[in-house]
Amino acid sequence: MPHAYPRVKKMASNSRRSSGAGSSRRSTNGMRERASIQYRDGEMTNAHRHFLQSLMSKRIMTKREAKKTASDSHRLYNEESSGEGPLFTEFVQTINAKLESLGFKIGMSKVEHDGSEWVGFANTSSTGGGDVIQKASGLGLAELEFFRTCLQQMVTEENNGVASSSALLAKLNTLQRKMTGKAAQDLLVSLTKDHWFFEISRGHYCMGPRCFIELLPFLPEIVGESIEECRLCSNRVVMGDRCLGCDTKLHTYCIVQLSRRGQVKCPQCHEEWEGEIPTLE
Amino acid sequence: MSSSRSSGGSRRGKRRLETGPEPSQSSQQLNDSSTQSGRAVAARQEWDTMDSSEKSRKVKDLVRYLVFGSSQKIPVKRDELLKNVLDGASRTLPSAMQEANKILQEVFGLQAVEAKKGTQTVYLLINCLPSETKDKLIERSNKELSQIGLLGAILSFLMMKPQGTANTDSIWSVLNCLGLIQKSQYPEFGFHKDILSPFVEQGYLEQKKRVIGEASVFEYQWGPRAKLEVDKRQLLMTMAEVHGDEFDIWEKQFQDLI
Ligand SMILES: [Zn+2]
Ligand SMILES: [Zn+2]
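The listed protein sequences derive, respectively, from chains A and B.
Residue 253 in full-length UniProt numbering is what sits at position 253 of the first sequence, and the numbering runs on without skipping anything.
Residue 1 in full-length UniProt numbering is what sits at position 1 of the second sequence, and the numbering runs on without skipping anything.
No wet-lab data here; the hints were simulated from the structure.
Cβ atoms here follow ideal geometry from the backbone N, Cα and C, with glycine treated the same way.
There could be a bad hint or two in this list.
[To be verified] Cβ pair distances, simulated, as ranges: (1) B:Arg233 <-> A:Glu221: 34 to 40 angstroms; (2) B:Met160 <-> A:Lys171: 51 to 57 angstroms; (3) A:Thr192 <-> B:Val41: 52 to 58 angstroms; (4) A:Glu221 <-> B:Gly38: 30 to 36 angstroms; (5) A:Lys63 <-> B:Ile74: 28 to 34 angstroms; (6) A:Arg202 <-> B:Ser173: 40 to 46 angstroms; (7) B:Ala215 <-> A:Gly224: 33 to 39 angstroms.
[To be verified] In silico DSSO-like cross-links for lysine-lysine, where the CA-CA straight-line distance does not exceed 30 angstroms: (8) A:Lys68 <-> B:Lys102; (9) A:Lys135 <-> B:Lys232; (10) A:Lys105 <-> A:Lys193; (11) B:Lys161 <-> A:Lys105.
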């Protein structure tokens, strides 16, 4: 099965810890580490609105990109300030406090295949799973049906989050609304381009960042099946690894995180983790 | 649309332009109408007597509906709003819209503005953050940037036409200068069918069919969104900046075409 994590035998990974991206401090981009006095608690300013508009226009950003955008927005409206801005999470919390009653939120989520963090604008209120995808994507009915079928394929036990395009196209004749193979292939490409899906290896697709931010809470409803929760982060887990002892499924990135703190034990049966411990390159 | 009606429409359009820019029909004008007529007073009362939790639910639904519409960048039709949010109670729309606009402004820095698209009344969400900064830093994808560049070229070209109107062919002569070829697809810019129709859809351009004898041509002018969102002076300055030295050549092109 294709996988984005390079695998090594367990415990070999402990020596490599937060180097590279993780250690770059937020010194240059104006967002500072501690709470700010410039923003009164919970008050929306034009900087918040500007950031929100940017996010809504792009729909999805990497967390790094989102932090940069937030500090750009901050500087845009606070020219005389010392250049120090609020903490990113507080900045987002202020906006989310306002969005909550409207049924929206700025969502942050990790993507299962590589553990990268993304930020997006999400709808939180639903009247049926298909409705959520439709509102978020603006897709037509036939495309929606194929989208849903793709998700159903990805979440099966055997597939563990990844479905091949040939397996997906084979499902076309089961759809109520007809779609040609060419149209379905084009749709896979455009859904990947719009960050709904991710092409993890040639012709193999898994859920992309927008699925995790905009659809994850509704996923059981959308695919018509319950989805397990990861015992380490309590988010739903589609692609992950199972404990050989008790069959508990955990996110690969959660196991990686745990392994950085020492020996990995299964949170369910407390046995030492028998499987491979992946590393993040 | 019947051809006779649409040619009449284009005549009306021209007359409007001759008398200067069309005043923007904002929803505020509607909201101020309470002093104007007994009907508006009755509408206001109908809204005021509504249960407050019912009111706030409707306002929230209205905000959600407008935000979903704008996330696809497609104007929201008044008829759809009435049907899907207000259960057809059209008299309550101005009051509900006023409340929705308070939220849109406070949370999103956006404002819903009423506009005409053909015969339909639509609502567009317009950015209402301070204008000197609002366009500078909104993060945009390359696709969007290319679209904005093209749109800027088309809008500034239209500005220089005496009637503010140009047909498909003369718009294409400008796009040809940018190296684009008519009837090709440009998926990298997000244009799959043709370049002009997404702009018409989003309300940046207004398209009118004009029948001349046997043939009919499409004429384009600034659409409702462009009139409200695009600052003409800023547009020309940006175009000059982007094209730099080329702008002289552009200007000459414009002169030739006019
Ligand atoms: Zn987890
Ligand atoms: Zn276990």
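Which hints, by number, does the structure contradict? 1, 4, 7, 9 and 11
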